[in-house]
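Asker: Chain by chain, the residues run as shown.
There are 2 protein chains.
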Amino acid sequence: MINAVGREIPDEILRKMKKPVFTGAYSQKKDVVIRTTAKSRCAAIEKGKPAESKLLVSIEDVIEKTGIKDGMTISFHHHMRNGDEVVNLVMEAIAKKGIKDIHIAASGLFQCHEPLVKLMEEDVVTGITVSTISPGPLAKAITNGKLKHPAVFMSHGGRPRAIEAGELHIDVAFISAPCCDAYGNMNGAYGKSACGVLSYAYADAQYADQVVAVTDNLVEFPACPIEISQEKVDYVVQVESIGNPEGISFGPTKPTTDPENLKIADMTAQLLNETGYIKNGMSMQTGAGGTSIAVAAAVGQIMKEKKIRGSFASGGITSYFVEMLKEDLFQGLLDVQCFDSVAIESCRDNPRHMPMSASQYANPNTKGCLVNQLDIMILGATEIDVDFNVNVVTGSNGVILSSSGGNNDCAAGAKIAVVVTNLVKRDMCILRERVTTVVTPGETVDVLVTEYGIAVNPNRTDLMKLLKHSQLPVMNIHELKAIGDQKATKIVKPQFTDKIVGIVEYRDGSVIDVVKKPIQEF
Amino acid sequence: MINAVGREIPDEILRKMKKPVFTGAYSQKKDVVIRTTAKSRCAAIEKGKPAESKLLVSIEDVIEKTGIKDGMTISFHHHMRNGDEVVNLVMEAIAKKGIKDIHIAASGLFQCHEPLVKLMEEDVVTGITVSTISPGPLAKAITNGKLKHPAVFMSHGGRPRAIEAGELHIDVAFISAPCCDAYGNMNGAYGKSACGVLSYAYADAQYADQVVAVTDNLVEFPACPIEISQEKVDYVVQVESIGNPEGISFGPTKPTTDPENLKIADMTAQLLNETGYIKNGMSMQTGAGGTSIAVAAAVGQIMKEKKIRGSFASGGITSYFVEMLKEDLFQGLLDVQCFDSVAIESCRDNPRHMPMSASQYANPNTKGCLVNQLDIMILGATEIDVDFNVNVVTGSNGVILSSSGGNNDCAAGAKIAVVVTNLVKRDMCILRERVTTVVTPGETVDVLVTEYGIAVNPNRTDLMKLLKHSQLPVMNIHELKAIGDQKATKIVKPQFTDKIVGIVEYRDGSVIDVVKKPIQEF
Numbered sequence: 001m002i003n004a005v006g007r008e009i010p011d012e013i014l015r016k017m018k019k020p021v022f023t024g025a026y027s028q029k030k031d032v033v034i035r036t037t038a039k040s041r042c043a044a045i046e047k048g049k050p051a052e053s054k055l056l057v058s059i060e061d062v063i064e065k066t067g068i069k070d071g072m073t074i075s076f077h078h079h080m081r082n083g084d085e086v087v088n089l090v091m092e093a094i095a096k097k098g099i100k101d102i103h104i105a106a107s108g109l110f111q112c113h114e115p116l117v118k119l120m121e122e123d124v125v126t127g128i129t130v131s132t133i134s135p136g137p138l139a140k141a142i143t144n145g146k147l148k149h150p151a152v153f154m155s156h157g158g159r160p161r162a163i164e165a166g167e168l169h170i171d172v173a174f175i176s177a178p179c180c181d182a183y184g185n186m187n188g189a190y191g192k193s194a195c196g197v198l199s200y201a202y203a204d205a206q207y208a209d210q211v212v213a214v215t216d217n218l219v220e221f222p223a224c225p226i227e228i229s230q231e232k233v234d235y236v237v238q239v240e241s242i243g244n245p246e247g248i249s250f251g252p253t254k255p256t257t258d259p260e261n262l263k264i265a266d267m268t269a270q271l272l273n274e275t276g277y278i279k280n281g282m283s284m285q286t287g288a289g290g291t292s293i294a295v296a297a298a299v300g301q302i303m304k305e306k307k308i309r310g311s312f313a314s315g316g317i318t319s320y321f322v323e324m325l326k327e328d329l330f331q332g333l334l335d336v337q338c339f340d341s342v343a344i345e346s347c348r349d350n351p352r353h354m355p356m357s358a359s360q361y362a363n364p365n366t367k368g369c370l371v372n373q374l375d376i377m378i379l380g381a382t383e384i385d386v387d388f389n390v391n392v393v394t395g396s397n398g399v400i401l402s403s404s405g406g407n408n409d410c411a412a413g414a415k416i417a418v419v420v421t422n423l424v425k426r427d428m429c430i431l432r433e434r435v436t437t438v439v440t441p442g443e444t445v446d447v448l449v450t451e452y453g454i455a456v457n458p459n460r461t462d463l464m465k466l467l468k469h470s471q472l473p474v475m476n477i478h479e480l481k482a483i484g485d486q487k488a489t490k491i492v493k494p495q496f497t498d499k500i501v502g503i504v505e506y507r508d509g510s511v512i513d514v515v516k517k518p519i520q521e522f
Numbered sequence: 001m002i003n004a005v006g007r008e009i010p011d012e013i014l015r016k017m018k019k020p021v022f023t024g025a026y027s028q029k030k031d032v033v034i035r036t037t038a039k040s041r042c043a044a045i046e047k048g049k050p051a052e053s054k055l056l057v058s059i060e061d062v063i064e065k066t067g068i069k070d071g072m073t074i075s076f077h078h079h080m081r082n083g084d085e086v087v088n089l090v091m092e093a094i095a096k097k098g099i100k101d102i103h104i105a106a107s108g109l110f111q112c113h114e115p116l117v118k119l120m121e122e123d124v125v126t127g128i129t130v131s132t133i134s135p136g137p138l139a140k141a142i143t144n145g146k147l148k149h150p151a152v153f154m155s156h157g158g159r160p161r162a163i164e165a166g167e168l169h170i171d172v173a174f175i176s177a178p179c180c181d182a183y184g185n186m187n188g189a190y191g192k193s194a195c196g197v198l199s200y201a202y203a204d205a206q207y208a209d210q211v212v213a214v215t216d217n218l219v220e221f222p223a224c225p226i227e228i229s230q231e232k233v234d235y236v237v238q239v240e241s242i243g244n245p246e247g248i249s250f251g252p253t254k255p256t257t258d259p260e261n262l263k264i265a266d267m268t269a270q271l272l273n274e275t276g277y278i279k280n281g282m283s284m285q286t287g288a289g290g291t292s293i294a295v296a297a298a299v300g301q302i303m304k305e306k307k308i309r310g311s312f313a314s315g316g317i318t319s320y321f322v323e324m325l326k327e328d329l330f331q332g333l334l335d336v337q338c339f340d341s342v343a344i345e346s347c348r349d350n351p352r353h354m355p356m357s358a359s360q361y362a363n364p365n366t367k368g369c370l371v372n373q374l375d376i377m378i379l380g381a382t383e384i385d386v387d388f389n390v391n392v393v394t395g396s397n398g399v400i401l402s403s404s405g406g407n408n409d410c411a412a413g414a415k416i417a418v419v420v421t422n423l424v425k426r427d428m429c430i431l432r433e434r435v436t437t438v439v440t441p442g443e444t445v446d447v448l449v450t451e452y453g454i455a456v457n458p459n460r461t462d463l464m465k466l467l468k469h470s471q472l473p474v475m476n477i478h479e480l481k482a483i484g485d486q487k488a489t490k491i492v493k494p495q496f497t498d499k500i501v502g503i504v505e506y507r508d509g510s511v512i513d514v515v516k517k518p519i520q521e522f
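Heads up: the protein sequence lines correspond to chains L and H, in order.
FYI, our numbering numbers position 432 of the first sequence as 432, with every residue one higher than the one before it.
FYI, our numbering numbers position 378 of the second sequence as 378, with every residue one higher than the one before it.
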């Protein structure tokens, strides 16, 4: 079946996954949804009183007690990012017990999770559902078809939506807890492995059949603050280390110093200014890429010059937004993930830097999530096409590079969604006739800003009008593509097999695209 | 049917209410429970983007939009206590619209809610489910049989249990929000009507079909901190006042100055000391009564002398526990309700003074609630009997004086549950052969301390042994009763009609007793 962004989605996959095809960014919006039931064990009675101990002695003990077995879904959150050690620890123990056919539902997976590749080859891990994945061995192995079932790429808002709807049922959730007491009260703020917030794990704690806190910092009862509370937690297990916090600020979390990217950032800020989005009460989110952060810096500069105070900045938080909060450029920060140690400290110490759940952040099936309040969203892209469809999952050669993250969530919610990217990357024009994989539908993307020019989505006639007399290099997206094609010295036209290795879910749960195994091995 | 505390519970009531009889404090414990489904409206799409406004102009508008109609259940929380204005405001508007047969599921109702009496007479309000109720016109009207259906008295832990189980279904929850933004993020910490925490409303926000925030302090987005978050809130309405915060510290929230009560407090502290409960890592809860608070003060004195540092104090929090936190006698406070302005300020400013949900506090059908961790619980009582059964709902004359509160929750969880009370009150001996109404089963009550002596529950042979050589006036409960009967100059033997005006639910949802209409009118 051809979906609303022109992608062929095999009927067989739709039947098998019991998912609808994508029919438009808001077309599958429901009036009312039903959040599913959730199991809860009740505290045992021992010697005539409710039992007090939830402490287990080892991960092996946890696997025994939770009864993890073939075919189960277990979940993880990714706030330790590339420093995480819990996924490997748990999966190694599962493999040792001879358990097979595990579905990992992680909010994110990184290079450090390379050991999963071997477990995929051994059919210990046969399914992966993920919202963030970093380029590297694991992403390559999925690309190469080593995972038995197609990986499912969900957005940050789509994941809690799926959990709450009962579409993504978690048997056992493992929550990495930098600070935890023996009865399961925990937070991400304190301890040698402090990661800031535990936001992506809230839905898991609420809906998984069983919840295990894994900590390397067991504190006296009660842990303080209580970010996830005891009545949701079945077991607590202490390990030597849940991860290396240095791995948290993995990837670009600083503003670019590249002159071309700085130019893109400046043009973007200028465009936002000319179109009236930089104003009192404004809100803003950027990804953690170098150019995105440079946009935040440039926007901050204009805010200061114009004495503008915004409402909030949101999403994954870096030190740059912390700085803007300190300068009182925003009323508050709303944080689902701390990207560096400055953000971790700020979230711990500054009450105006607040954690939020993934549902509060971006779940479309709620009474109103935060992305609905966003004015400005700065998006990254591996590719974009002439219909403004955005790809962040695969590179132009077809290799998996990332997952949806909050890309299509924020684009759907924000009043202006701007893709900032070099037009020419690695000698290739990333503005294509059709992106390799659609993650974010073009109807929700408003502007593309590149080093060679700016294209505005024709459905935003209001922006066109505002930019009519601008000095900015605004042009038709086809003109921009022609420039890119001319500047590029390399054209990659990957060939694909018929094997589907990934399914890209739109935030509403519909299939917006599939990822096929390229003929080339990665 | 006669239940496990010897009470006759008419089969008809059990069938009608679909509730089991009480069979023992822990006998109906389940291994696993299922939390029910919950409805959620999804934010509308307006002009191609998710709609942003949840603001309604008036309570009338709220009733219109939520579609409140005959027979619905609407809920309220009671953190504004005797200062609350929201219940009356909403109910008045409902009455004006001619809506009948409303079931009010409030975590608490006070003297200020006297206008409900008229609405009961007019069949606007025909059902009440409540966990706290103050003596006064409303309680008298229920006693006199003015409510069409029997009132249901739930414990503080039983209420969220019933909500999560789907037994108490809420159509529309009204949440009084001292600080709220237009998208429904709210807290109890700030504003002219600051009440501290909103704990009892968390379950309502999670499970009600529709959730309305009623605020007299609409702040810029985002409200900070976010105690209940936007994605759970359908509508926000601004009113002139949600209540008078002076009504919060209603009732005794200061230590007694009465010499007899001080003696009871001192003996209690001494008993706790001699039985080894005053030790490092200890935890403690008391009610807000004058004698209970005096116990806290006396225990605190021993802690200081012995250089003991406790784990936590919990429950409704008064300035006396705040003082103990400041003196570092406890690691933390866990708060479901602030009883005075000092507690409100502390909860706002001291990170170690933490809010908790009613489920985290006392819900027996969870993986472990806070009362399970309690060492010492100091209970109040209107009556106690020779089987150590406790009454807090009715007076000896049969009039309704209160509701279950956390009484049976804390008794069931705590390692030592001590009832502190005058043996002789208003010239009557409150130690009876059988209490008028059983709220807390004697099997969970360990000690009774009165001005004339102390009785230990015979099932606590360990305590008996520890107190063998004590100087404290420990005696058999029948001996203590004989003293009380001798000292008392008045005997009240109320006569009851057959009309059931109240049902007392044990925390597990079983019927532990019923309240019948006395022949005497109140």
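Source of the hints: derived by calculation from the structure; they are not laboratory data.
Please note that the accuracy of each hint is not assured.
For chains that are exact copies, the list does not tell them apart, and a pair is met inside one copy or across any two.
Below are the DSSO-like pairs computed for lysine-lysine, each with C-alpha atoms no more than 30 Å apart in a straight line [as the list claims (entries may be wrong)]:
no.: 1; residue 1: K425; residue 2: K306
no.: 2; residue 1: K29; residue 2: K47
no.: 3; residue 1: K16; residue 2: K39
no.: 4; residue 1: K306; residue 2: K49
no.: 5; residue 1: K19; residue 2: K47
Asker: The structure should be examined with respect to each hint, and the outcome stated for every one.
Answerer: Hint check results:
Proximity of K425 and K306 under a CA criterion of 30 Å is satisfied in neither setting, with 34 Å inside one chain copy and 70 Å between copies. For the identical chains of this complex, K29 and K47 are inter-copy neighbours only, at 14 Å across copies versus 52 Å inside a copy, given an alpha-carbon limit of 30 Å. Both within a single protomer and between protomers do K16 and K39 lie at most 30 Å apart by alpha-carbon distance, with minima of 26 Å and 27 Å respectively. Only between protomers do K306 and K49 lie at most 30 Å apart by alpha-carbon distance; the minimum there is 28 Å, versus 63 Å within a single protomer.
In the homo-oligomer, the alpha carbons of K19 and K47 lie at most 30 Å apart only across protomers (27 Å), although the nearest pairing inside one protomer, at 49 Å, exceeds that limit.
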